[in-house]
Amino acid sequence: MTDFWTKTETLLREMEADEEYDLFAIGYVIPQVALAHQQFDDVADPAQTVRDYVAHCMTQDNIEQADQRLIQQVLDAALQ
1 MTDFWTKTET
11 LLREMEADEE
21 YDLFAIGYVI
31 PQVALAHQQF
41 DDVADPAQTV
51 RDYVAHCMTQ
61 DNIEQADQRL
71 IQQVLDAALQ
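Residue numbers (full-length UniProt numbering): 1 to 80.
It should be emphasised that the hints constitute simulated quantities derived from the structure, not laboratory data. The beta-carbon is built from N, C-alpha and C at its ideal position, and this holds for glycine as well. Be a bit skeptical, because a hint or two may be false.
Unchecked claim - Derived lysine to any residue pairs resembling SDA-like cross-links, with alpha carbons at most 20 Å apart:
id, residue 1, residue 2
1, Lys7, Leu79
2, Lys7, Pro31
3, Lys7, Asp42
4, Lys7, Ala47
5, Lys7, Ile30
6, Lys7, Glu20
7, Lys7, Gln48
8, Lys7, Asp18
9, Lys7, Val43
10, Lys7, Gln38
11, Lys7, Ala34
12, Lys7, Leu35
13, Lys7, Asp76
14, Lys7, Asp41
15, Lys7, Ala44
16, Lys7, Gly27
17, Lys7, Thr49
18, Lys7, Ala77
19, Lys7, Arg51
20, Lys7, Gln72
21, Lys7, Gln73
22, Lys7, Pro46
23, Lys7, Asp45
24, Lys7, Ala17
25, Lys7, Phe40
26, Lys7, Gln32
27, Lys7, Glu19
28, Lys7, Gln39
As the list claims (entries may be wrong) - Using C-beta positions, here's what the derived DEER-type ranges look like:
id, residue 1, residue 2, range
29, Gln38, Gln73, 23 to 29 Å
30, Gln65, Glu19, 21 to 27 Å
31, Asp41, Glu19, 33 to 39 Å
32, Ala55, Lys7, 32 to 38 Å
33, Asp22, Ala47, 16 to 22 Å
34, Asp42, Glu20, 18 to 24 Å
Generate the whole structure from the sequences, applying the supplied hints.
Pasting the structure below:
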């Protein structure tokens, strides 16, 4: 499963370099992947772990709805 984490971070960095997605959203998601990896228990689905972790963090950080949609777009693209 370590491969999932490396691939996801690499893809996000490529998305950041291409500037195809909102840079705030990508900048928010990239560190969340590393933090979600720390929460991962090797039994759960890693993609769902990232989704749940990011959703929890957005709520905790009081991210506005418009920004949440941008973050979700980045996350969906990275996890396809």
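Hint check:
Under the criterion of a C-alpha separation no larger than 20 Å, the hint pairing Lys7 with Leu79 is consistent with the structure, at around 10 Å. A distance of roughly 14 Å separates the Cα atoms of Lys7 and Pro31; the hinted pair therefore holds under the 20 Å criterion. Taken as a hint, the Lys7 and Asp42 pair is honoured in the structure, with Cα atoms around 17 Å apart against an allowance of 20 Å. For the given pair, Lys7 sits about 12 Å from Ala47 by alpha-carbon distance, which is consistent with the 20 Å threshold.
Between Lys7 and Ile30 the alpha-carbon distance is near 12 Å, which keeps this suggested pair within the 20 Å criterion. Proposed proximity of Lys7 and Glu20 is supported: the alpha carbons are some 18 Å apart, at most 20 Å. Between Lys7 and Gln48 the CA atoms are separated by roughly 15 Å; this keeps the pair inside 20 Å, and the hint holds. With a C-alpha separation of about 16 Å, the suggested pairing of Lys7 with Asp18 holds against the 20 Å cut-off.
Distance check on the hinted pair: Lys7 and Val43 sit about 19 Å apart at the alpha-carbon level, within 20 Å; holds. The hinted pair formed by Lys7 and Gln38 meets the criterion: a straight-line CA distance of about 16 Å does not exceed 20 Å. Among the hinted pairs, Lys7 with Ala34 is consistent with the structure: their alpha-carbon atoms are about 12 Å apart, no more than 20 Å. The straight-line distance between the Cα atoms of Lys7 and Leu35 is roughly 15 Å, inside the 20 Å bound, and the hint therefore holds.
Proximity of Lys7 to Asp76 is assessed by CA-CA distance (about 14 Å); at most 20 Å being required, the pair is judged to hold. At roughly 18 Å between alpha-carbon atoms, Lys7 and Asp41 fall within 20 Å of each other, so this suggested pair holds. Annotation: proposed proximity of Lys7 to Ala44 holds, straight-line Cα distance about 18 Å (limit 20 Å). Pair hint Lys7 plus Gly27 holds up; C-alpha atoms about 17 Å apart against a cutoff of 20 Å.
A distance of roughly 15 Å separates the Cα atoms of Lys7 and Thr49; the hinted pair therefore holds under the 20 Å criterion. With a C-alpha separation of about 13 Å, the suggested pair Lys7 and Ala77 falls inside the 20 Å cut-off, and the hint holds. With a C-alpha separation of about 16 Å, the suggested pairing of Lys7 with Arg51 holds against the 20 Å cut-off. Using a Cα cut-off of 20 Å, the hinted pair Lys7 and Gln72 holds, with the two alpha carbons roughly 18 Å apart.
At roughly 18 Å between alpha-carbon atoms, Lys7 and Gln73 fall within 20 Å of each other, so this suggested pair holds. As the CA atoms of Lys7 and Pro46 are separated by approximately 12 Å, the hinted pair is consistent with the 20 Å bound. With a CA separation close to 15 Å, the supplied pair Lys7 and Asp45 stays within the 20 Å bound. The suggested pairing of Lys7 with Ala17 holds, with an alpha-carbon distance near 15 Å, which does not exceed 20 Å.
About 16 Å separates the Cα atoms of Lys7 and Phe40, which keeps this hinted pair within 20 Å; it holds. Of the supplied pair hints, the one linking Lys7 and Gln32 holds, its CA atoms being roughly 14 Å apart against a limit of 20 Å. Under the criterion of a C-alpha separation no larger than 20 Å, the hint pairing Lys7 with Glu19 is consistent with the structure, at around 18 Å. The hinted pair formed by Lys7 and Gln39 meets the criterion: a straight-line CA distance of about 17 Å does not exceed 20 Å.
Distance hint check for Gln38 and Gln73: the Cβ-Cβ separation is about 24 Å, which falls inside the suggested range of 23 to 29 Å. Look at Gln65 against Glu19: about 23 Å separates their beta carbons, and that is inside 21 to 27 Å. At about 35 Å, the CB distance of Asp41 to Glu19 agrees with the hint of 33 to 39 Å. In this structure the supplied range 32 to 38 Å is violated for Ala55 paired with Lys7, their Cβ-Cβ distance being about 21 Å.
Taking 16 to 22 Å as the suggested C-beta distance range, the pair Asp22 and Ala47 conforms, at roughly 21 Å. Taking 18 to 24 Å as the suggested C-beta distance range, the pair Asp42 and Glu20 does not conform, at roughly 32 Å.
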